[in-house]
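My request is simple: use the sequences and hints to build the entire structure.
Chains as they are written, first to last, in numbering that gives the first Met the number 0: chain Z, 0 to 145; chain C, 0 to 125.
Just so you know, the hints here were simulated from the structure itself, not pulled from any lab data.
Wrong hints could be hidden among the right ones.
What the hints assert, rightly or not - To give an idea of the interface, some chain C residues facing chain Z are shown, with a C-beta separation under 7 Å as derived from the structure:
1. Leu78
2. Asn93
3. Arg108
4. Arg109
5. Ile111
6. Ala112
7. Val116
Stated by the list, open to error - To spell it out: a stretch of chain Z is covered by chain C in this simulated footprint if at least three of its residues, at any positions, have a beta carbon under 8 Å from a beta carbon of chain C; those stretches are:
8. 17-27
9. 66-73
10. 100-109
No residue lacks a Cβ here, since even glycine has one placed at the ideal position from N, Cα and C.
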Amino acid sequence: MTFRKYLVLAGITVLSTAGDSLLARGMKELGSVSLHNLSGLLLAILNPWVTAGILFLLAFFACYMSALSWADLTYVLPATSLGYVLVALIARFGFHEEISPTRWLGIALIASGVGFVAAGPSVTPSRQHLDSREPSSDALSQEVKL
Amino acid sequence: MKDICAWAAIGLVVLTSTTGDVLLSHSMKRVGDVGELWKRRGVLAVVGRVLRTPTFALGLMAMAVAFYSLLFGLSWGNLSLVVPASASLTFVANAVAARIFLHERVGRRRWIAALLVAGGVVLMAV
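If you want it as structure tokens, here you go:
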């Protein structure tokens, strides 16, 4: 794992959080979308908040695809969850909002979960050396245990 | 009724985004390290190679369905229910799917992490 790869993971966290927040803001402005007016869902794209959200999510997607090309899915995914922590910390220290004890516990759980993954290997080694159709002996022994 | 719709949307999000993640991860592993490829052959080679991977389009479609299901869910249920519920369930579903379909070595470390993150996401919403 190089510095640049950690930057890509940070990009995943920040861009997905920003994109989701913008989308949520836009959808709240539009109100309920029901099965009766499906066109409302398509027109949602015209809302500027939704448009901005989609642009951020596209940038997120590029980072995400790049990360998936050199790391396992189960390694990359927790990076996206750090966004929740990011939002809470911005709310606490940027906007001086109160954070309840349960939320702090949630932050601690997510952070430790990410730490658990980050401390381990980023990619399953067998894939790069063996034919992908042939599971490694380790994967086989795990299969037997199932 | 609104609740049922919200949970149906959550279930759909979990199913389709897990499918999408697995397909996209599979395609990107086939493409190989994007950074290396970019350095050697340029960005067009990267884009071309990604677009020519058939499972990539399928994964993208699954993600599009997940995206619209999430928009549906957001219009029915609260942001504080729909997002964390679908996110935390997706983490666990992805760990299972990555192990079965991608043959990733999901060791004890990653199981614990998936459960911690899923639990944390739920607590954040309470």
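Subject >> Restraint satisfaction for Asn93/C [CB to CB of chain Z, less than 7 Å] >> reply: holds (6 Å)
Subject >> Given coverage of the stretch 17-27 of chain Z by chain C, tested with a Cβ cutoff of 8 Å and a minimum of 3 residues >> reply: holds (count 5)
**OP:** Classify the hint on Arg109/C as holds or violated, based on whether any CB of chain Z lies nearer than 7 Å to its CB.
**Re:** holds (5 Å)
Original post:
Going by Cβ atoms only, is Val116/C closer than 7 Å to chain Z?
Top reply: Holds. Min distance 4 Å.
Subject >> Residue hint Ile111/C, partner chain Z, criterion CB-CB below 7 Å >> reply: holds (6 Å)
**OP:** Using 7 Å as the Cβ threshold, decide whether Ala112/C counts as touching chain Z.
**Re:** holds (4 Å)
Original post:
Taking the least C-beta to C-beta distance, is Leu78/C closer than 7 Å to chain Z?
Top reply: Since chain Z brings a Cβ to about 5 Å from Leu78/C, closer than 7 Å, the hint holds.
Subject >> chain Z contact restraint for Arg108/C - C-beta distance below 7 Å >> reply: This interface hint holds because 5 Å falls under the 7 Å limit.
Original post:
How does the coverage statement for the stretch 100-109 of chain Z fare against chain C, requiring three or more residues with Cβ below 8 Å from a Cβ of that chain?
Top reply: It holds: at least three residues are needed, and the stretch 100-109 of chain Z offers 8 whose Cβ sits within less than 8 Å of chain C.
**OP:** Between the stretch 66-73 of chain Z and chain C, see if three or more residues pass the 8 Å beta-carbon test, and mark the coverage as holds or violated.
**Re:** holds (count 6)
Checked against the numbered hints listed earlier, the structure breaks none of them; every hint is satisfied.
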